[in-house]
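Asks: Chain by chain, the residues run as shown.
There are 2 protein chains.
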Amino acid sequence: MVKISLRVSMIIIGDELLNAKINDLNLQILAKEIAPLGFSFKKCTVLGDKFDQVTDEIQKQSKENDILIITGGLGPTKDDLTKSIIANALGVSLVENELAREYAIKQYANFGREWSKENSHYHMMPEGSLPLYNPAGMAPGIHAKIDKCEVFCTPGVPRECQAMVRETIVPMLKDRAQSGHELFICRTHSIPEETIFFKLCPNLWETLEEFGKVSSLPIISGVDITVDLRPEHQNDESRQRLKVILEETPLKDNIWTYGPRNIEEVIVHEASAKGLTIGFAESCTGGLASSTITDVSGSSAVFLGSVVSYANSIKESIIHVKEETLKENGAVSIETASEMANGARKSLGADIVISYTGIAGPGGATPGKPVGTVCIGVATKNGVSASRYEFRGDRKRLKNKFCQQGLIDLLNEIRSS
Amino acid sequence: MVKISLRVSMIIIGDELLNAKINDLNLQILAKEIAPLGFSFKKCTVLGDKFDQVTDEIQKQSKENDILIITGGLGPTKDDLTKSIIANALGVSLVENELAREYAIKQYANFGREWSKENSHYHMMPEGSLPLYNPAGMAPGIHAKIDKCEVFCTPGVPRECQAMVRETIVPMLKDRAQSGHELFICRTHSIPEETIFFKLCPNLWETLEEFGKVSSLPIISGVDITVDLRPEHQNDESRQRLKVILEETPLKDNIWTYGPRNIEEVIVHEASAKGLTIGFAESCTGGLASSTITDVSGSSAVFLGSVVSYANSIKESIIHVKEETLKENGAVSIETASEMANGARKSLGADIVISYTGIAGPGGATPGKPVGTVCIGVATKNGVSASRYEFRGDRKRLKNKFCQQGLIDLLNEIRSS
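Those protein sequence lines, which keep their order, are chains A and B.
In terms of this note's numbering, the first sequence is numbered consecutively and its last residue is 521.
In terms of this note's numbering, the second sequence is numbered consecutively and its last residue is 521.
Careful, some of the hints might be misleading.
Given that identical chains are not distinguished, each listed pair holds provided it fits within a single copy or across any two copies.
What the hints assert, rightly or not - Derived pair list, reagent style DSSO-like, types lysine-lysine, alpha-carbon separation capped at 27 angstroms: (1) K485 x K303; (2) K500 x K473; (3) K125 x K356; (4) K303 x K431; (5) K473 x K182; (6) K356 x K167; (7) K136 x K303; (8) K347 x K431; (9) K426 x K450; (10) K182 x K303; (11) K500 x K378; (12) K125 x K249; (13) K154 x K426; (14) K278 x K431; (15) K431 x K252; (16) K167 x K278; (17) K278 x K221; (18) K125 x K500; (19) K378 x K317; (20) K303 x K278; (21) K347 x K182; (22) K221 x K431; (23) K473 x K210; (24) K136 x K500; (25) K426 x K303; (26) K500 x K485; (27) K347 x K125.
Because the hints were derived from the structure by calculation, they are not lab data.
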């Protein structure tokens with residue numbers, strides 16, 4: 105079988121992405137949506153709301169690609185230019201479109217409002233193009249063909265973009281799809297990238313390369329090692345061999361999962377399978393660990409609740425940390441972390457409680473306890489233990505590092521329970 | 105004075121950005137760093153780790169720009185190709201560079217390790233280029249000139265990229281800078297974009313356009329209206345006139361701030377000024393509101409703590425919601441929200457407590473209470489009130505929507521206190 109690889113690229117339109125107002129989410133969202141079809145983007149270009157520049161880019165890219173997905177600039181306001189740009193690129197005018205009008209009426213009704221021409225120009229489309237239904241908002245998308253390239257335009261709001269790609273565009277693309285990539289992912293914690301590849305496992309990269317293209321990606325708490333498996337290795341035997349190779353290296357104890365799942369998903373899955381309940385006592389992380397766990401659908405089966413004891417008064421009143429412990433050791437100490445975990449475990453009635461107390465900065469450092477210090481406690485029915493760690497970074501990064509370290513400690517505890 | 109507008113673009117390199125593994129953060133980070141210089145990006149292109157494609161793009165873009173910032177592909181592993189690509193584009197080889205060697209030795213020492221040639225090739229640079237010091241990691245950046253374009257390469261890890269741009273590249277760019285943009289930002293909540301511009305304020309856009317380029321951006325809880333002020337309007341009088349114009353429209357009560365600050369920053373600032381303390385009782389938001397507030401440096405002056413009462417047992421035990429209330433009205437009800445806020449206010453000892461109880465889905469809907477329903481309570485020394493809202497979206501979006509609505513309710517309460 106000869107595989108024909110379709111060239112798929114993306115153009116993102118919006119001044120707000122180039123002037124730091126917001127961060128683009130659509131590239132990753134769409135890459136995820138099209139991956140099961142075997143597509144991945146060749147290129148993604150971000151441009152401002154500039155008529156000429158966007159027109160040029162669309163004309164150039166439609167020559168270099170088979171499929172072009174364009175997001176943004178479809179809304180009702182005057183900075184939304186995509187429709188006119190597509191009409192211009194096609195050399196046609198905007199005309200009233202019966203299907204677009206129907207979509208507009210239907211969508212306004214869904215949101216309990218009545219559509220009229222004066223409200224929005226959603227019934228106007230480039231002549232000869234097809235409106236695309238928007239399952240999550242008002243503005244319809246556009247499907248058109250510029251030369252040999254199929255062009256799909258979606259709104260820029262990530263939720264609308266995702267819904268339109270998933271429900272409307274992906275079904276249209278299914279028959280243009282070829283068979284997919286398959287990624288083998290090994291997720292590790294606590295060892296820097298170059299320690300892995302230059303010190304601990306100097307031959308690992310070459311060994312993995314026999315299975316496909318290797319890449320290494322530092323993430324907040326460790327490194328993801330990914331192999332884009334060649335077709336002959338897309339099978340259980342090769343995946344098993346890869347695991348054996350990795351687990352014969354010094355990385356063994358630092359591998360926490362294979363596959364794309366996040367640590368919070370693995371925690372909910374494994375705690376749930378063992379019938380364990382969990383909770384947190386959070387100081388410096390301010391609720392982030394609890395929020396991260398509750399991002400997982402189904403977390404209510406394992407997560408009972410938490411106490412965010414930011415002020416010392418809360419540490420004393422709700423989770424019963426002793427006043428002397430705080431006075432003698434300070435809030436950021438092994439002793440306080442232990443009492444927080446123990447006290448919260450009793451208050452919450454959970455099997456395992458993780459506590460966090462640390463200094464996220466920029467203020468709050470004391471002699472011997474720099475910004476980035478965190479003490480993490482683990483309480484179970486068998487007792488309590490606590491560890492001290494030091495990380496570097498700004499406030500948000502430190503909150504994240506602290507949170508991830510506690511989740512690793514939690515996962516280890518679940519696995520040994 | 106004649107202003108020369110420098111053309112600045114960005115190229116981001118990394119397979120992981122095109123195959124959905126991670127979301128790019130560097131575009132927004134760098135746009136923020138260069139904005140004070142008066143620079144904004146003309147274009148940003150995301151490409152995979154492909155030697156030929158990246159080389160082509162760099163050659164093309166170096167003809168169309170005065171400054172080109174390239175992130176990614178500088179790490180120690182074999183998928184890191186940027187150095188070779190730059191050497192290729194310059195038509196030179198990689199050679200040992202004395203300054204790069206010094207940086208490598210220094211940085212390894214900072215992280216408590218010893219550098220040697222066998223560890224990494226960080227001492228190799230394209231001939232004739234300048235290594236850039238990396239304040240936050242190991243890999244040095246590159247400064248080179250391709251034709252008339254100045255090229256800066258930074259690592260892809262957002263923290264390292266940001267540190268290098270801020271501490272090393274921005275100072276180098278200062279003398280190439282021209283005077284800056286100034287954005288007037290009006291942040292509103294709870295009204296959709298098209299209701300604002302087509303129904304409530306049909307002439308607003310044109311009126312604002314007299315001051316500069318207008319843009320409208322839907323955010324999670326409302327719409328940001330931004331005016332990129334023309335030089336003659338970059339003064340207090342024009343900013344004051346814009347405020348008067350906006351506050352004479354029906355938007356008046358939905359404007360919660362002017363300027364770039366987030367709602368959590370505004371809350372911490374205003375509560376702090378009034379000496380008020382705050383806390384949360386979070387069920388469906390799972391700690392997100394608390395974590396959002398504690399992202400703000402200085403939040404410890406106002407935020408005491410929270411109870412994340414995910415399970416009903418915690419609602420009863422720690423914040424004293426009555427069993428009958430839960431039985432008769434359900435956990436998602438005005439009554440439960442009120443008792444949660446009141447009970448948590450007593451447990452936490454805070455001036456204002458916001459409670460959240462709702463259904464983030466995908467499961468958990470009951471007749472009359474669809475996914476997206478949330479009840480939010482506000483307790484103060486004067487009593488308690490609660491409201492019910494309905495939103496749409498997936499689990500993460502709903503958690504966010506719930507969180508933002510409660511923060512708006514909190515801000516209103518702080519302002520009326």
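Asks: Hints first: check each against the structure and report whether it holds.
Replies: Against the structure, the hints:
For the identical chains of this complex, K485 and K303 are neighbours neither inside a copy (39 angstroms) nor across copies (61 angstroms), given an alpha-carbon limit of 27 angstroms. For the homomeric pair K500 and K473, the shortest alpha-carbon distance inside one copy (18 angstroms) is at most 27 angstroms, but the shortest distance between copies (35 angstroms) is not. Proximity of K125 to K356 under the C-alpha cut-off of 27 angstroms is restricted to the inter-copy arrangement: shortest distance 23 angstroms between copies versus 42 angstroms within a copy. Taking the shortest alpha-carbon separations for K303 and K431, neither the intra-copy value of 43 angstroms nor the inter-copy value of 60 angstroms comes in at or below 27 angstroms.
When the C-alpha separation of K473 and K182 is checked against a cutoff of 27 angstroms, the pair qualifies neither within a copy, at 54 angstroms, nor between copies, at 38 angstroms. Taking CA atoms no more than 27 angstroms apart as the test, K356 paired with K167 passes in neither setting, with 48 angstroms inside one copy and 48 angstroms between copies. In the homo-oligomer, the alpha carbons of K136 and K303 never lie at most 27 angstroms apart, since the shortest distance is 34 angstroms inside one protomer and 37 angstroms across protomers. In the homo-oligomer, the alpha carbons of K347 and K431 never lie at most 27 angstroms apart, since the shortest distance is 49 angstroms inside one protomer and 50 angstroms across protomers.
Taking the closest pair of Cα atoms, K426 and K450 come within 27 angstroms of each other both inside a single copy (15 angstroms) and across two copies (20 angstroms). For the identical chains of this complex, K182 and K303 are inter-copy neighbours only, at 15 angstroms across copies versus 57 angstroms inside a copy, given an alpha-carbon limit of 27 angstroms. In the homo-oligomer, the alpha carbons of K500 and K378 lie at most 27 angstroms apart only across protomers (26 angstroms), although the nearest pairing inside one protomer, at 33 angstroms, exceeds that limit. Taking the closest pair of Cα atoms, K125 and K249 never come within 27 angstroms of each other, the shortest separation being 32 angstroms inside a single copy and 30 angstroms across copies.
In the homo-oligomer, the alpha carbons of K154 and K426 never lie at most 27 angstroms apart, since the shortest distance is 62 angstroms inside one protomer and 59 angstroms across protomers. Neither within a single protomer nor between protomers do K278 and K431 lie at most 27 angstroms apart by alpha-carbon distance, with minima of 65 angstroms and 49 angstroms respectively. For the homomeric pair K431 and K252, neither the shortest alpha-carbon distance inside one copy (73 angstroms) nor that between copies (63 angstroms) is at most 27 angstroms. Proximity of K167 and K278 under a CA criterion of 27 angstroms is satisfied intra-copy only: 22 angstroms inside one chain copy versus 39 angstroms between copies.
With identical chains, the CA atoms of K278 and K221 are never at most 27 angstroms apart, being 35 angstroms at best within one copy and 49 angstroms at best between copies. When the C-alpha separation of K125 and K500 is checked against a cutoff of 27 angstroms, the pair qualifies both within a copy, at 18 angstroms, and between copies, at 21 angstroms. Taking identical chains as interchangeable, the C-alpha atoms of K378 and K317 are never at most 27 angstroms apart, the minima being 36 angstroms within one chain and 58 angstroms between chains. When the C-alpha separation of K303 and K278 is checked against a cutoff of 27 angstroms, the pair qualifies neither within a copy, at 45 angstroms, nor between copies, at 40 angstroms.
In this assembly of identical chains, K347 and K182 lie within 27 angstroms of each other by CA distance solely across copies; the values are 21 angstroms between and 55 angstroms within a copy. In this assembly of identical chains, the alpha carbons of K221 and K431 never lie at most 27 angstroms apart, being 69 angstroms within a copy and 49 angstroms across copies at closest. When the C-alpha separation of K473 and K210 is checked against a cutoff of 27 angstroms, the pair qualifies only between copies, where the shortest distance is 24 angstroms, while the shortest distance within a copy is 60 angstroms. For a Cα distance limit of 27 angstroms, the shortest separation of K136 from K500 qualifies both inside one copy, at 26 angstroms, and across copies, at 16 angstroms.
Within a single copy, K426 and K303 get their C-alpha atoms no closer than 45 angstroms, and across copies no closer than 59 angstroms, so neither meets the 27 angstroms cut-off. For the homomeric pair K500 and K485, neither the shortest alpha-carbon distance inside one copy (32 angstroms) nor that between copies (33 angstroms) is at most 27 angstroms. In this assembly of identical chains, K347 and K125 lie within 27 angstroms of each other by CA distance solely across copies; the values are 20 angstroms between and 43 angstroms within a copy.
Going through the hint list in order, the structure does not satisfy hints 1, 4, 5, 6, 7, 8, 12, 13, 14, 15, 17, 19, 20, 22, 25 and 26.
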